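As you go down the protein sequences, you meet chains L and X in turn. Here the first sequence is numbered in our numbering, starting from 1 and rising by one per residue. Here the second sequence is numbered in our numbering, starting from 1001 and rising by one per residue.
These aren't lab readings, by the way, just hints derived from the structure by calculation. Watch out, some of these pointers could steer you wrong.
[Said to hold, decoys possible] Partner residues aside, some chain X positions facing chain L, computed with beta carbon under 8 Å: (1) Thr1038; (2) Ser1042; (3) His1043; (4) Glu1166.
[Claimed, not checked] In silico EDC-like cross-links for lysine to aspartate or glutamate, where the CA-CA straight-line distance does not exceed 16 Å: (5) X:Lys1023 / X:Glu1034; (6) L:Lys10 / L:Glu141; (7) L:Lys10 / X:Glu1131; (8) L:Lys78 / X:Asp1039; (9) X:Lys1023 / X:Glu1103; (10) L:Lys54 / L:Glu79; (11) L:Lys117 / L:Asp93; (12) L:Lys61 / X:Asp1077; (13) L:Lys96 / L:Asp139; (14) L:Lys10 / L:Asp139; (15) L:Lys61 / L:Glu47; (16) L:Lys78 / X:Asp1077.
This one's a predicted model, so the numbers in the text were calculated from it and none came from an experiment. All residues carry an ideal CB built from backbone N, CA and C; glycine is no exception.
Okay, here's what each chain looks like letter by letter:
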Amino acid sequence: MIMLSIPTQKRTAPTQLLQLAKTEAHNILMNTRGVDFVMICSSDGFELATVSHKNYHNTTKLAAVSSSILAMVTAFLKEIQLTGCNNITLDADNGKAILTAIPAVHHPMVMVTLSNKEVLLGQLLYSLKKASQLIAEADGE
Amino acid sequence: MIIQQYKIIFAGSMGAGKTEAIKSLSEIPILETEAFNTDVQSHQKTQTTVGIDYGEITLDDGIKIGLYGTPGQSRFDFIWSVICEGAIGVILLLDHNSPNPIEELESYLETFKNYNDNIAIGITHVDENKESSLQQYRHWIKANGLSYPLFFIDAREQEQILMMVESLIASLEVKVGLTSQGNDHA
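Required output: the full structure, derived from the provided sequences and hints.
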């Protein structure tokens, strides 16, 4: 049987990788008008880094819910023969929430972005995709 | 056509074998929502359920049961009440290897009995910790005046999980029977 052999002490993302993820999150927050909050969390639902203009209560719960939603939508896509769930855009009356998968080989993560409803979605999605790729590549090095 | 399907929930501690139990019982490939586990203090396993697992089994009488697995960690407790909606019972699995299995039993029972009181308790990984008493569970249940059925099981063994499912259905039938008798007398 092939086993994923990552020593248990290395399960959590290294500081250098987290710092890069936080910098990317910060760049999105500062360079995309309408973005209020960006959080990086582990794919099993732990908050790793947060940058924001607004305070949101209970970010630990937000991390758990986000990882759960991403996992469930990924499972749904798999059922309908679609592979990989890159992002989920939730469009509400008063804002948007975007969950972006960071498919880092050793330390998969989720980026949670909250914005107002006037945000330029195309610009934001492009920035999120670039950030996700950059972080994933850094983890593979 | 109205499809009649029942729902059973698999709840309990991280690493107790909830996903494994659904896998061993399900007649369809199960829908899994596992993520890389970074919380090695809680458990060493590499993958952990973060959403809802789903499998299905058809009983001898043609009744189809949906098997729903929950994440064990309390940070995912927002799913628990949602998933228990409309269930006929809960299979509560607890890892005998855990440092405080009785505390976990108490905590999960306290939470899940609010969602559904038709609960069967399964203690897993019993062969991995022979120093810790198995009697402690029976004593605790008795001392607290509870009457939930208790099983010592291997989550990989289909027959053992099936026995728990049957026990839940039997308990439900007794409860429904008592209720209808009560209504007849009223």
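So, going through the hints one by one against the coordinates:
| no. | hint | in the structure |
| --- | --- | --- |
| 1 | Thr1038 | holds (5 Å) |
| 2 | Ser1042 | violated (10 Å) |
| 3 | His1043 | violated (10 Å) |
| 4 | Glu1166 | violated (28 Å) |
| 5 | X:Lys1023 / X:Glu1034 | holds (13 Å) |
| 6 | L:Lys10 / L:Glu141 | holds (15 Å) |
| 7 | L:Lys10 / X:Glu1131 | violated (31 Å) |
| 8 | L:Lys78 / X:Asp1039 | violated (26 Å) |
| 9 | X:Lys1023 / X:Glu1103 | violated (27 Å) |
| 10 | L:Lys54 / L:Glu79 | violated (37 Å) |
| 11 | L:Lys117 / L:Asp93 | holds (7 Å) |
| 12 | L:Lys61 / X:Asp1077 | holds (9 Å) |
| 13 | L:Lys96 / L:Asp139 | violated (28 Å) |
| 14 | L:Lys10 / L:Asp139 | holds (12 Å) |
| 15 | L:Lys61 / L:Glu47 | holds (9 Å) |
| 16 | L:Lys78 / X:Asp1077 | violated (25 Å) |
Of the numbered hints given earlier, the model fails hints 2, 3, 4, 7, 8, 9, 10, 13 and 16; all others are met.
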